[in-house]
Amino acid sequence: MIKDRLNSLNLVLPKTPKSAGLYVPVVITGNLVFVSGQLPIEQGSNSSYIKFGGKVGKDISLEDGKKAAQLCTMNALSQLEFALGSLDRVDKFIKISGYVNCEASFTEHPKIIDGASDLILQIFGEKGKHTRVALGMNSLPLNGAVEIDYIVAKE
Amino acid sequence: MIKDRLNSLNLVLPKTPKSAGLYVPVVITGNLVFVSGQLPIEQGSNSSYIKFGGKVGKDISLEDGKKAAQLCTMNALSQLEFALGSLDRVDKFIKISGYVNCEASFTEHPKIIDGASDLILQIFGEKGKHTRVALGMNSLPLNGAVEIDYIVAKE
Amino acid sequence: MIKDRLNSLNLVLPKTPKSAGLYVPVVITGNLVFVSGQLPIEQGSNSSYIKFGGKVGKDISLEDGKKAAQLCTMNALSQLEFALGSLDRVDKFIKISGYVNCEASFTEHPKIIDGASDLILQIFGEKGKHTRVALGMNSLPLNGAVEIDYIVAKE
Chain L
809 MIKDRLNSLN LVLPKTPKSA GLYVPVVITG NLVFVSGQLP IEQGSNSSYI KFGGKVGKDI
869 SLEDGKKAAQ LCTMNALSQL EFALGSLDRV DKFIKISGYV NCEASFTEHP KIIDGASDLI
929 LQIFGEKGKH TRVALGMNSL PLNGAVEIDY IVAKE
Chain C
809 MIKDRLNSLN LVLPKTPKSA GLYVPVVITG NLVFVSGQLP IEQGSNSSYI KFGGKVGKDI
869 SLEDGKKAAQ LCTMNALSQL EFALGSLDRV DKFIKISGYV NCEASFTEHP KIIDGASDLI
929 LQIFGEKGKH TRVALGMNSL PLNGAVEIDY IVAKE
Chain Y
809 MIKDRLNSLN LVLPKTPKSA GLYVPVVITG NLVFVSGQLP IEQGSNSSYI KFGGKVGKDI
869 SLEDGKKAAQ LCTMNALSQL EFALGSLDRV DKFIKISGYV NCEASFTEHP KIIDGASDLI
929 LQIFGEKGKH TRVALGMNSL PLNGAVEIDY IVAKE
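Heads up: the protein sequence lines correspond to chains L, C and Y, in order.
Here this note's numbering = 1-based position in the first sequence + 808.
Here this note's numbering = 1-based position in the second sequence + 808.
Here this note's numbering = 1-based position in the third sequence + 808.
With the rest of the complex left out, here is chain L:
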């Protein structure tokens, strides 16, 4: 059970963040589950805020960039649990697209997005092995440091 795995890793799913616009967090079609671009947002009781903002490698450190990628992923898992009822219904991670807010000279995108990939592998093991693209963006919504979207297959 994924719940046990989360417990053993001392991970607690955050509240599902609200969408930043006129879209829904998850759409299911056949066995495919699409998750909207997730930002490193922390959802409080009354409001939410970008926890990791700015350009990675300039405004925030590589280490915080990795944490941003992890927070995006925790938010995605929260959305998936809500949409599927249980993370045990995730059959396979198919693809993640990782967008790093950075300057034109930045080259370490893979290290940043590894924050997300490593977390997925730790939680889902073999089912977590995914394809990926990592890209450098000149800007992101709400000045988030990282944005990631996800495609998974469900049982």
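A few of these clues could be false.
One copy or two, it doesn't matter: identical chains are merged, so the pair holds either way.
Cut-off 25 Å, straight-line C-alpha distance, at most; resulting in silico cross-link-like pairs (DSS-like, lysine-lysine) [said to hold, decoys possible]:
(1) Lys935 - Lys826
(2) Lys826 - Lys937
(3) Lys811 - Lys875
(4) Lys826 - Lys919
It is worth saying that the hints were derived from the structure and are not from the lab.
Following the hints, position chains C and Y against chain L.
Frame of chain L, contents of chains C and Y only:
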């Protein structure tokens, strides 16, 4: 019928724009329909031109950026109607990826891409609810202000 | 047979490049095959290196940018052959997403990604007709000049 809905919104599908390179506008695989990246192009009788070009928030206003996202979407609907025979065969909007041509300090991508999302929701209602990613690009083909690609499910 | 087609075009599939992070090169789900973002990497016997690096139109020419897109695609085909056993099992190219490392004033992304599209069409003919998005990035992993990811359908 979507045609009636378009009429009641005073919307007329544009001519299908030509591809900007060696690709096709739509590919169908199973129930999934992929639409190539659409630009805010207006297709005249003899030629086409970028109606909304430049960097949103610098060269053009946020309002025109939203209109650019709407025009991309009208072009996509035109492509979908041509490929499917009728927009009534659209079963569900799955995902749109919205790319905003902007400067590094821009943060209002969601407002721009809401131009597309809002239009889809107005036309398709429940079937129009989609996942989304909105991103800031340092440049786009032909200096278009916005580019959007689409995945829908067909019946 | 695709092998014969590659021979007649004097094309030799490269060694499959190693992933740049904690992800796998290919994931298959149903009939869909996702290929991770490919860089213009040349894989030697002991090490690999970025063959086409820097910003297209500034650090390297448009012509070398096209060659970078071709090299990404040859690497993708190598990954696909390894994953599927044979490129004859490719039923259809669905979508390629082409990311060009460039400056903010760049507008010729379609010409660069045509390097990939043209190669796919030459090798796969009708099955190679694909949808596409071409985008301008302010930076890419390892300073690659181009990155491309691919979705194909298998038989």
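Inset, instruction - If the cutoff is 25 Å on CA atoms, where do lysine 935 and lysine 826 land: within, between, both or neither? Let me know, please. - result: between (27 Å within a copy, 20 Å between copies)
As a check of your reading, is lysine 811 near lysine 875 (CA-CA no more than 25 Å) within one copy, between copies, both or neither?
Within one copy, since 21 Å is at most 25 Å while 45 Å is not.
task: Can you give me the call for lysine 826 and lysine 937, within, between, both or neither, at a CA distance of at most 25 Å?
output: Classified as between: cross-chain Cα gap 15 Å, same-chain 28 Å, threshold 25 Å.
Checklist line | Same-copy or cross-copy closeness of lysine 826 to lysine 919 [CA-CA at most 25 Å] | finding: Only across copies: lysine 826 and lysine 919 sit 15 Å apart there, 28 Å inside one copy, limit 25 Å.
In the structure shown, no violation is registered for any of the earlier numbered hints.
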